[in-house]
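K.L.:
Protein chains in written order, with our numbering: chain X, 2 to 278; chain Y, 2 to 278.
Just so you know, the hints here were simulated from the structure itself, not pulled from any lab data. C-beta atoms are modelled at their ideal positions from N, C-alpha and C, and glycine is treated no differently. Where hints are given, some of them may not hold.
To be verified - Over the 12 Å line for every Cβ pair with chain X, so calculated as not near, a few chain Y residues:
{"no.": "1", "residue": "Leu59"}
{"no.": "2", "residue": "Asp62"}
{"no.": "3", "residue": "Pro82"}
Claimed, not checked - Computed from the model, here is a short list of chain Y residues facing chain X with C-beta under 7 Å:
{"no.": "4", "residue": "Gln18"}
{"no.": "5", "residue": "Val68"}
{"no.": "6", "residue": "Ala75"}
{"no.": "7", "residue": "Ala90"}
{"no.": "8", "residue": "Ser125"}
{"no.": "9", "residue": "Val218"}
{"no.": "10", "residue": "Gln246"}
{"no.": "11", "residue": "Gly251"}
{"no.": "12", "residue": "Leu266"}
{"no.": "13", "residue": "Ser278"}
Unchecked claim - Partial selection, computed: residues in chain Y whose CB lies under 8 Å from chain X:
{"no.": "14", "residue": "Ser26"}
{"no.": "15", "residue": "Asn93"}
{"no.": "16", "residue": "His98"}
{"no.": "17", "residue": "Ile100"}
{"no.": "18", "residue": "Thr112"}
{"no.": "19", "residue": "Glu122"}
{"no.": "20", "residue": "Glu128"}
{"no.": "21", "residue": "Thr219"}
{"no.": "22", "residue": "Tyr223"}
{"no.": "23", "residue": "Ala247"}
{"no.": "24", "residue": "Arg249"}
Below are the chains, spelled out letter by letter.
Number of protein chains: 2
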Amino acid sequence: MVFLFLETDLSSHAFDQAIALEMQSDGSFAGHTSVAYANMVGPFGGISAAQMMNAVLLHPDRLGEPVSLTINFAAALAHGPFQVQARAARTNRSTQHWIIEVMQGGEAVLTGTAFTALRRETWSLDEEAMPKVAPPQQVPHGEGPVPAEWVKRYDMRPIAGAMPQVWDGGGDSSLTQLWVRDNPPRALDFASLTALADVFFPRVFVRRATLVPVGTVTMTVYFHADSAQLRNSGSSYLLAQARAQAFRNGYFDHTAQLWNGAGVLLATTHQVVYYKS
Amino acid sequence: MVFLFLETDLSSHAFDQAIALEMQSDGSFAGHTSVAYANMVGPFGGISAAQMMNAVLLHPDRLGEPVSLTINFAAALAHGPFQVQARAARTNRSTQHWIIEVMQGGEAVLTGTAFTALRRETWSLDEEAMPKVAPPQQVPHGEGPVPAEWVKRYDMRPIAGAMPQVWDGGGDSSLTQLWVRDNPPRALDFASLTALADVFFPRVFVRRATLVPVGTVTMTVYFHADSAQLRNSGSSYLLAQARAQAFRNGYFDHTAQLWNGAGVLLATTHQVVYYKS
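So that you can see chain X by itself, here it is in the shape it has in the complex:
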């Protein structure tokens, strides 16, 4: 008889508890917001995105693995239960298109689409190389001035573009680079990578060193890695990089990349964030 001692008991990780969904008789899923991943107003957007991704991952009709996911934050979730409706709008021979809605009190609070596919090995190449940075062991933990609960669920080690310590309006670039992983460590999968894609502090904070009300309105994640590449990443740190392209009349975008420690580009992601000023 062989006993397997796992480094982490997945079933007890706060992330797994947070994304847990229960299938209902009508094919929808019941979920619940997580105190562990609470943000200033409503939950951390990344955990909502991961819950929606999980509805597709758990769906009995699913074909293949996630290639892209778009989530729109239509309203702040109230703390409590919600319902996820994931519908395969189109199923082809090796690809599938999903429409996802999260409902609370009969109203849509999140909308989204996902694309899943059976992938096969082809000529491959990473054009966006991982920047050369100090290894995570040499980068101290970041201390954010924002006391949001979800921030404690991540081990973040900022290399460039950390949260400003002085709010003097003095920034000159929105670039952020950080090492990041779940806290405590957890083996990477599509759901956790989805949440990690939203781990960046708002670019307007970094660029302007000014605290203004903000909120992500839409986020897209492109999964370059398949499940085997995610498994190979284990629970090691990812290098995450984000940069805004434009701040314009209430909305800014960012474009971001996540590499594993071996330099494999696992995901690229983009979002639009509302800001007030």
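Since the structure of chain X is already known, use the hints to place chain Y on it.
P.N.:
Then chain Y, alone, in the frame of chain X:
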């Protein structure tokens, strides 16, 4: 009495004919694929995206202007009529979230979401500056080896990363920069900018100098410009730039920007493209 002589008669432009939709009694729109914007298989993806954007733009329930649009190409449209269903899933005080589906023969061929908002003037800044390139008048028209009809609807002047003239597998970068506008010229608006966001030849052609079967599966457009900034762009050339970040096991992404001649970043856009090899 004043007579207005317009430079271009919009109503007769092939683009306006292509995106024309007729509202049906059930609130959906009837459209038709356009021979003028035909691609190798099915229509040019940009024109399908513009048709979906137009359903939101024409919808009587619309609040505000487009800020983001995600379109998923679930199946090739057959030449003929189609139906667009655009539904406001959530309407807030100054923002709105749309779910869009294009149906043909009772099946979903395109899915998507859009976000519209009432914008107001705030502190603004373009972080992604327009690259310094020769003006459009000094750049000759590009000659593509792909005889797709839609290519004739655009005046494209490649600066870098044009379609390879020799398919020898010898590329070393996927970066493309080109000046582009409608042909004949047409005043820029949200629908035409949506189509222009899909004007790039597949990155795998540029990076590998190898012709392989390809097809966009998902595209997202972030509109930084409002309608006034689009109007100010008139019918002048846009500088369009695209670059892949990763090619991996059948799918590659690209990230792209479109500036007007004055250097204002009008839109950023991303897509995932299937490739065979």
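K.L.:
For each hint, tell me whether it holds in the structure or not.
P.N.:
Evaluated hints:
1. Leu59: The claim holds: Leu59/Y sits with its nearest Cβ about 20 Å from chain X, beyond 12 Å.
2. Asp62: At about 14 Å from chain X, Asp62/Y clears the 12 Å cut-off, so the statement holds.
3. Pro82: holds (18 Å)
4. Gln18: With a closest approach of 28 Å, the Gln18/Y hint is violated.
5. Val68: holds (6 Å)
6. Ala75: For Ala75/Y, the interface hint holds, since the closest Cβ of chain X sits about 4 Å away, which is under 7 Å.
7. Ala90: holds (4 Å)
8. Ser125: holds (5 Å)
9. Val218: holds (6 Å)
10. Gln246: Interface hint status for Gln246/Y: holds (4 Å vs cutoff 7 Å).
11. Gly251: For Gly251/Y, the interface hint holds, since the closest Cβ of chain X sits about 5 Å away, which is under 7 Å.
12. Leu266: At 5 Å from the nearest chain X Cβ, Leu266/Y passes the 7 Å test, so the hint holds.
13. Ser278: This interface hint holds because 5 Å falls under the 7 Å limit.
14. Ser26: Interface hint status for Ser26/Y: violated (24 Å vs cutoff 8 Å).
15. Asn93: It holds, given that the least Cβ distance between Asn93/Y and chain X is near 7 Å, below 8 Å.
16. His98: Holds: closest Cβ of chain X sits about 4 Å from His98/Y, inside 8 Å.
17. Ile100: holds (6 Å)
18. Thr112: holds (5 Å)
19. Glu122: The hint holds - Glu122/Y has a Cβ within 8 Å of chain X, the shortest such distance being about 6 Å.
20. Glu128: Holds, because the Cβ-Cβ distance from Glu128/Y to chain X comes to roughly 5 Å (cut-off 8 Å).
21. Thr219: holds (5 Å)
22. Tyr223: Status holds, d = 5 Å.
23. Ala247: holds (4 Å)
24. Arg249: holds (4 Å)
Going through the hint list in order, the structure does not satisfy hints 4, 14.
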